[in-house]
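Going down the list, the sequences are from chains A and B. Mapping to the working numbering: the first sequence position 121 is 121, numbers consecutive. Every number in the working numbering is 1000 more than the matching position in the second sequence, counting from 1.
Please note that the accuracy of each hint is not assured.
[What the hints assert, rightly or not] Derived lysine-lysine pairs resembling DSS-like cross-links, with alpha carbons at most 27 Å apart:
| hint | chain 1 | residue 1 | chain 2 | residue 2 |
| --- | --- | --- | --- | --- |
| 1 | A | K621 | A | K534 |
| 2 | A | K154 | A | K321 |
| 3 | A | K534 | A | K472 |
| 4 | A | K757 | B | K1136 |
| 5 | A | K154 | A | K214 |
| 6 | A | K682 | A | K394 |
| 7 | B | K1056 | B | K1101 |
| 8 | B | K1170 | A | K727 |
| 9 | A | K761 | B | K1170 |
If you are wondering where the hints come from, they were derived from the structure by calculation, not from laboratory data.
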Amino acid sequence: MMFRRTGMVVAAVAVVLAVAAARGYAQAGAPSPTGTGTLVVVVDPPAALYVDGNLVTVDATRQEVPVPAGLHRVRIVHPDYQDLVRRIRIEPDKTATLSLSLPERGVRKPVAAPAGRGRGATAGRGAAGRGPSANDGLPGVTDPDLLTGIQFVKDGDFEPAVDTLTAVCRNLAGTPRYVGQQAVAFLYLGAALVELDRVDLARRAFALAQRADKNLVAAPTVFSRLTLATWADARTIPGSEEIDLDTLTIVPAPAAPEPTPPPAPAPENLEPERVIDPEAPFISEVEGALLLDFAIATTAAPCLGTLMINPAQQIVSWEPKGTACLPSFDVPFAEVRSPAAAPRGGVLLQFRSARQSVTLMPAPDADLLEPDREKLTLNDLPPSTRVHTRSALKRIFRALDRSWTDSISSLLVDVPVAELTENPADYDGGIVRTSGTLVTTSTRRGPYFVSDDNAKIQIAPAGVAATMMRSKASEWVGRELIVSGAFSRPAAISSKGGTASSSPFLITATKIEPADEVKYSGPARSLTLEQIVKDPPWNRELIRVIGKYRGANSFGDMPLDSRRNSGDWVIRDSVFSVWVTGRRPAGNGFELDSSNTRDVTSFWVAVTGRVEHRRGFVYMKAEKVELSPTEFKKDPGTPAIRIGGASVRQRPDIVHIDPSESVEISPDQQMLVQFTKPMDEKTLPGNVQLRYSDGTPAAFPYLLVTYYPERHSSVIIDPGTVLIPNKTIEVVFLPGVKDVDNQSLMGTDTAPGRVLKWRVKRR
Amino acid sequence: MTKHTAVLLLAVACATGIASNRLSGQRRGETVIETEVISVPVTVNDRRGRFIPGLKQQDFEVLEDNIPQELTSFTIEESGIAAELLIDVSGSMSYRLEEAKRAAQQFVQQMTPKDVAKIVQFDDRVTELSDFSSDKAVLAAAVNKAYGVGATALYNAISRALDDLAARRKVDEAEQRHRAIVLLTDGDDTSSAINEDEVLSKAGRVDALVYALSLDRSNGLPVTDGPSAVFLNALARQSGGQLQFPELANLGKFYRDLSDELRHQYVLGYVPAGSKAGARWHAITVRVKNRKDYRLRYRTGYFATGSRSSQ
C-alpha cells in the first residue's frame, strides 16, 4: 500500500465514507446492539486509517465514519510511527470521537538508513517494525491472564485491559516468585490508564511497578512518549506513600508524631531560603534513552516538561507537561549544539539550525524561574542548582556521545559578548564560551578581540589556541569565531603613556573555532572505513567515519603515488585505511602533527565529509575533523604516561589531588585524583565511595566517577549532591580499584581502603 | 590587596525596639555601621624594573569605579612575603639544575625574619621539599635536595601552590605578608591532570602574585610564544606578577630582584566613597602624578561581598 505524506498539518477535512456491513470484535457473551452510530477519528499528523480492517483513507486528519453500533477496531498507520490500534465502542445513534496525537500517543519507529546503491547495513540503526513481539521482550511473563491483559493493551482495548490487569495485579500479590510479573502487570495497567486519560491513577500504577521491580524499564520502542513521561513522573511519588492495590488510591498515613523542626541554618549560610528536595530525581534512563525533567520560564509560573535523548534513534525530543509551554519538538542529534550552562542558571540548549535556543532549568530548581523571584547571577546560584546543572550536562553529553570537557573549577557558561562587557563581575573567574567577529590590528601579534553588536571583548589565545591564532588569524579576521576559556581581569600594568591601562576583563582562550565550521549541514551518515572502501557511496552525501590518525602516511598504509595533495593524511582502523584531503588534522582545540610519535600512535579522529574517487582510490574530502574520544578510550594500544616510569609490576599510587586536602572545598565541588598508572575504569564503579567522616548518614544517588585517560590517568569525582557545609567529606577507594595491569591501588590493603578527606566550607 | 574592616558600634536606646541595618550577631537596640578600609599594595618600578623609593602619599592618586578617593593611610612596606618556590626538576632541566639551585639559594638568603617560604620541586610529581618556614638553613637544605628526571607536571605544581597559599591566607593577612609563587621552568607541561583553564580560574580566586622565570630556549633564543610562555604570561598578567626569560648565568640576580620587589611595596589605604554599595566588582585605578614613565603593578579591583554604608 502506498502512502503519501503531506508533511504538514492540514486543516480539518470531513470525509464521509460508506462502510460495508458491520464487522466488529464483540466481546464474548455480550449481545450485539442494533442500529448505527458515528465514529469520528481525529489524528495529527495526517495518517492512513483502517476501520475493522478496511482502509478508510490514506492520508487525512479527520474522518467521520458511520458504523454499526458495537465494538470496532481502528488502526492508524503512519510511516514514522508504529501502527496504533484502538478499540472503540459505538452506541446506537451516538457519536464517539477518537482523537490522537501521534507524537504524544504513538511510538516512533527507529530511524532507518536511507536506501542507496550498493549500500551495506549502517551501524547503530534498528529496522523499522510493525510493533513489538508478544512479550515486548519481557522474559518471564507466563501468566495467561497477564498475557491477555497485555494483548488488550496492544489491541487498544483499554477498558477490558484495565479490568483484566487489575485482577492480575491482585491475584499475583503476595507471592514472591510472581513479583516480576506483577510489576509488568502494573506497567501495562498504567499504560492503559494513560490512554484512558486517567493519568493520576496511571502514575500510581507505575509507582507500584517500580517498587515491585526496580530494574523494570518502560521501553521507548514500546510505549508512547506520554506513557514514558508519566512513568518518569511516577518516581516522584515518595516511597513512604502507601498505595491501595485495588483502587490505586493513596492510603492516608496514620497520624504521625510531631515532626522535628529542622535545625536553624548557620548564620553565614547565605543560600536563598527555598524548599529544595535534594532527592527529587529529575534524571532517569529508560532502556538507554535519557530522560530529564526541566522547567522553562514563562510570563507566569514556570512550565515543566521532559527532554528525552534517544541514542538508538539519534533524536532529541521535548515533551511539555502542560499547555502554554514550549511546544514539543524532535530534532536529530546533529542539529543540537553541545550544550553549556546558561548565564542565569540551567542548561542552554542551542541548535545549529534556525531553531531558537532554550534555557532548561532542572525541575528541582524550578522555583528560581518564578516571575517574582530575583534573577541570580551565576556566582550567586545555590550550590544545588550548580550541581543539578552539571549532572544534567554530563549526562546529556554522554547520551549525545560527545566529549565532555569536565572542569573541576567551573561550569562552561555560554554568554553573549554584550553580557560579558556589561556584567563582567558576574562571570569573573569562570569559564565562558562566547562568539563574535574577530577584530585585530595585527594578525600576528594582536591584540585580538571578538565583537558582537557593538560590544567587544579581548581574547588572549593560550596553549594550542595561540598556535592556531598565529597561523589562522589572517584567515579568521572578519569571521565569526566561537571562543572558550577563563574569564578574568588581569592586573593593571602602566604603559609608557603613564596611565595604568586598567585592562578590561578578557578571555584567556584555550579553544577557538570558526562558527561556520559547526554549521548544520544535515545529518551525516556514519560508516566504517571498510564500508567506504569496499562499497563507497557514489552520491555526494555527507559521511562520518572514524579512524586512527596515521600522519602523512607515516606507516605506509597507502600507496605513495595515491596521494593527491601534499597536505593529505591517513586514517585507518584495524584493516582499512583512506586518505583524508582538504583539511588539516586539526579542529576544536587540537592539532595533530605527523612528525610527533605520540600523535600518530595515540589519536582517533572522526572525519565528516564526502567520499571522492580518483584513479581507483577512495578519498575523504573532509569538511570537519574532530577528536574521537570514544575510540581513544577504547584503543588498547594507546601509550599512556606512567608516572615515574611505573612498571607493570608496580602498584598504582595517587600522584595528584585537586583541590588539595589542605583547602576547604565548596559544597558543589568536584574532586580530581590522578594516578601514577593507567587505571582500569571498569573497576571504578562501586569501588569509589563517599561518606562523611563523622558518620552523618548520606546517600549519593548521583555520584559520578569518570575516568579521563587524556588527563594522564585521572578520575573526576562528582558527588552529584550538594555537600553539607562544615563537615568533612571522605572519598574512599576500595581494594577493587585496579590498574590496567590488575594491580590494586596502594593503600587499599587495609580497611577501609584509601581515604582522601576535604573539609566543606560554610559558603 | 587586603581589606581591613573597622567596626563602629553605637549603642542606641530605642524604645520601639526597631533597629535598622541589622547585621548578624547584633543585639536589639544597637545600630552597627561597618566601614571598610581598602588596602592596595602597589609596586612601582622604573622602566628597567627597579623599585622606586621615596614616593609620598601626595604623589599617588587612587580612583574606585572612576571616582577619586581620599587616601586615609599610606605606608611603605618592607612587608613580609609568603612565597612558594617551584623548581622544575624534569629531565630537560638536568644539566641546568645545579646552577638553578644556586640561584634559588639567593632568594632564600635574602629572606627576612618576616618572610616564610616553601620549597617544592616538580617533574611528573609535585614533591614538597620543605613546609613553609622562615628558617633559612632549612630552606637552603631543601633547595639542595632538589633532584628529578621525569616529565613536567607544571599545571599540577602551580595548582598545588595556589591551594597552599589559599590555605594560609588568613594567617598571612593577619601578619601582613604578600603571597607569591616563584616558578622556575624550562618547558611545556606534559603530564598534568589539571588543564590551563582550571589553573587560570583558580588563580583568579587566590590573591597571590605569580612570577615565572622561563629557561625555555630555541637556538639560544627565549621561546616567548610557545604554549608554555603564552600560558605563563596570561597567568602572571592576571595575578599582577611577571614572566621573565633570564639567562642561566644571571638567574640569581633575577631571584634577588624578585625578592626585592615583593618586599618593597607602597600600601595605600582609603575608605570607599561615592561608588555603589552592594555585592559587586569595584575597579581600582592607581596613578603616580606627573610620572608617566613609572610602571605600576597592582590588582585592579575587588569583589565586595556584603553591605556597607556608602558615604
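For a quick check of understanding: which of the numbered hints are violated here, in increasing order? 3, 4, 7
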